[in-house]
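Number of protein chains: 2
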Amino acid sequence: MVKLNNNLLKLETEDIFMNVGEKVSEYKKENPGVNLLNLGVGDVSLPIVPTVIKEMEKAVLELGNGKTFKGYGAYYGHDFLREKIVEEEYNSLNITKDEIYISIGTKTDTTNILELFDKKAKMCLFNPSYPIYRDGGIISGREIEYLELYEEDNFIPRIPKGKYDLIYICSPSNPLGIALPKNELKKWIEYAIANDSIILYDNVYESFITSDDVPHSIYEIDGAKRVAIEFRSFSKRASFTGIRCSYYVIPNELHLKGLDSKSININELWKKRTIAKFNGADYIVQKGAWATYLEQAKPEIRANINYYLENAKYIKEALESLSFKVFGGENAPFLWVKTRNNMSSWAYFDFLLNELNIVVIPGCIFGKKGDKYIRISALATREVTVESMERIKEYYEKEL
Amino acid sequence: MVKLNNNLLKLETEDIFMNVGEKVSEYKKENPGVNLLNLGVGDVSLPIVPTVIKEMEKAVLELGNGKTFKGYGAYYGHDFLREKIVEEEYNSLNITKDEIYISIGTKTDTTNILELFDKKAKMCLFNPSYPIYRDGGIISGREIEYLELYEEDNFIPRIPKGKYDLIYICSPSNPLGIALPKNELKKWIEYAIANDSIILYDNVYESFITSDDVPHSIYEIDGAKRVAIEFRSFSKRASFTGIRCSYYVIPNELHLKGLDSKSININELWKKRTIAKFNGADYIVQKGAWATYLEQAKPEIRANINYYLENAKYIKEALESLSFKVFGGENAPFLWVKTRNNMSSWAYFDFLLNELNIVVIPGCIFGKKGDKYIRISALATREVTVESMERIKEYYEKEL
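Chains as they are written, first to last, in my numbering: chain Z, 1268 to 1667; chain S, 1268 to 1667.
Treat the hints as calculated values from the structure; they're not laboratory data.
Heads up, none of these hints are tricks.
Calculated pairs, DSS-like style, for lysine-lysine (alpha carbon to alpha carbon, straight line, at most 25 Å):
(1) S/1565 with Z/1337
(2) S/1539 with S/1387
(3) S/1635 with S/1389
(4) S/1605 with S/1580
(5) S/1454 with S/1524
(6) Z/1387 with S/1387
(7) S/1529 with Z/1277
(8) S/1334 with Z/1565
(9) S/1430 with Z/1270
(10) S/1539 with S/1337
(11) S/1529 with S/1539
(12) Z/1386 with S/1386
(13) Z/1290 with S/1539
(14) S/1387 with Z/1386
(15) S/1660 with S/1639
(16) S/1539 with S/1524
(17) Z/1524 with S/1277
(18) Z/1277 with S/1524
(19) Z/1539 with S/1635
(20) Z/1529 with Z/1389
This is chain Z alone, in the form it adopts within the complex:
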């Protein structure tokens, strides 16, 4: 019998998230009619803005006409979108269209990118971190080491003494909701240059950045083009979670050691890999992504992001007024909140579900160091956000 890739048997993420789902479903079944408020979900609650919808409608109609029909051909993305991204996102950073790859989602991109590297390249993940990086490493049978983050450091990662080849940094961070300022990221770029490492920089929450000291691209830091691949997405920025459009940058300055220690241009090589396994992203969605940069769309997009950031502010203020310890929420749509009375993530999850009918994500899903924390999302509607906080306030004010 053909043998299995046994690494697949080690995947855990689905099971853990399933536990959340199952507990919620079970509770709903036993308590029909209850008004459950979901602050767990990482999905957006606002629809796609009108200007983008209009352009996607036009794109659909183009495909029904022989004169404007588009088929194969744009493996790395359509030029109209890659050029727009260069102009709008990497203006003054000297990134070219040829360094941009359009794709179907950062989950896929941050896991697929591992195909670039030798199997022995050692992965470094923060604990806690987004569990998908770990799963990507597990599927491909890689060695993974964890770098623990500490509350006393405000969860800013310490530069390791050891040598790692591949370092995943998610900033602004899911699940922590914090963003690394320029001076911290600079240390990582220096580390990577000194240790010949590659930084896989997951920057999908870039549009939520409000602090002046947080760079909008890793390439704002000198030397980053030699050591970093940046990932971004339209999912949270433009409510594209259901239609899928992401992009990533592989700078031409990035080289790896190939056979005979020859230095290889990774961007050129990844083009071959892309052609071999991918036929490009959907034209309609790429037109939509392009439309997010139209002058008319920009204030619409900004209003949605502000809506979520106001949710985050509301949650932060409400919880801090009750003496919760709250991290994040200023540069990301997530808040990382310490449980009460030293409770475990799961115990506090159960309490919120059973007593207050609020769903959150237990922090331990993101790694052992996430225990005793929960992740609260600011991506729900204002109504759900406000009512959740009122339930929590009512409970704790009674307690106090």
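Place chain S on chain Z using the hints.
Then chain S, alone, in the frame of chain Z:
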């Protein structure tokens, strides 16, 4: 320095196809104003049919409305599409919705699926065959053996004596344009059962099947559910090449040997892998794929397929009238044509390009046994098809 996955350096397909592209570009540059006719392209020339366009327009509008907005959630595809596929494509074959995975293209699916198998599982490819299977194997560092196909057998593959773990069968075939009848496929299923092999059945040209003895699904053959994964696509059937929608079937009966030789349900395991690396296909496109099965859409879709099949018939008759040896074109939009005077693929490609200004694909791109053949596509417009054949006729009638 982080080391490269050196397997990437062995990728050839891009280079070979680039050669075609470069030769064509060079010729155009040196001969501006020339009317080049392209019968090389695997892309469709007809736009998406009106009923499908209408439903995709509706889907776009849904996403602009908070009440009908769709985000994350359908990792394996939306139920409306999976249920429709079960009903329309696998009716009476007892395939369930949970065995269907919706995805973004068969190129991606047929290469990604290799992640399921132990690295040592030995791949078997036909020579000639679609080069992407080879590239997928190369990237993941797998051992590949080739099974040669012979003109004297009408390119029907001979059942091998040796033992292979993973066998790619593309039927109806790209590039050969032929389809394996049920009695031939039956032999492969028996081989796979006897040898504990898995058949990766690329059936993307299914809608072009016209012969009664060619099954529309591999699962029409007894036992196939234990040994075969079937891949299909909306690309050629519904002109979705630019918007990306495919699906594949992993039957619940398919088991592999895991740790301690335990038998593992592959469908369940692939769900975990899918969640770890994929967030589902675009909602708009899935609505479009669903709409291809509406009663109003069916005759529109059929008319497009018939258009290409009529192109194929026209090409076949034209070339046979000039004593060319022609294979395929009856169950697929491709024709596999022997060159004249024992010329190599590239020499004949050059002749057609330079003398008649017609672009085809040299057969050697699909493997060494493809040399001395060319692949002609029936997916161009009728005008391009007819004019190409007239140029060829004019040339050879003069010669005769």
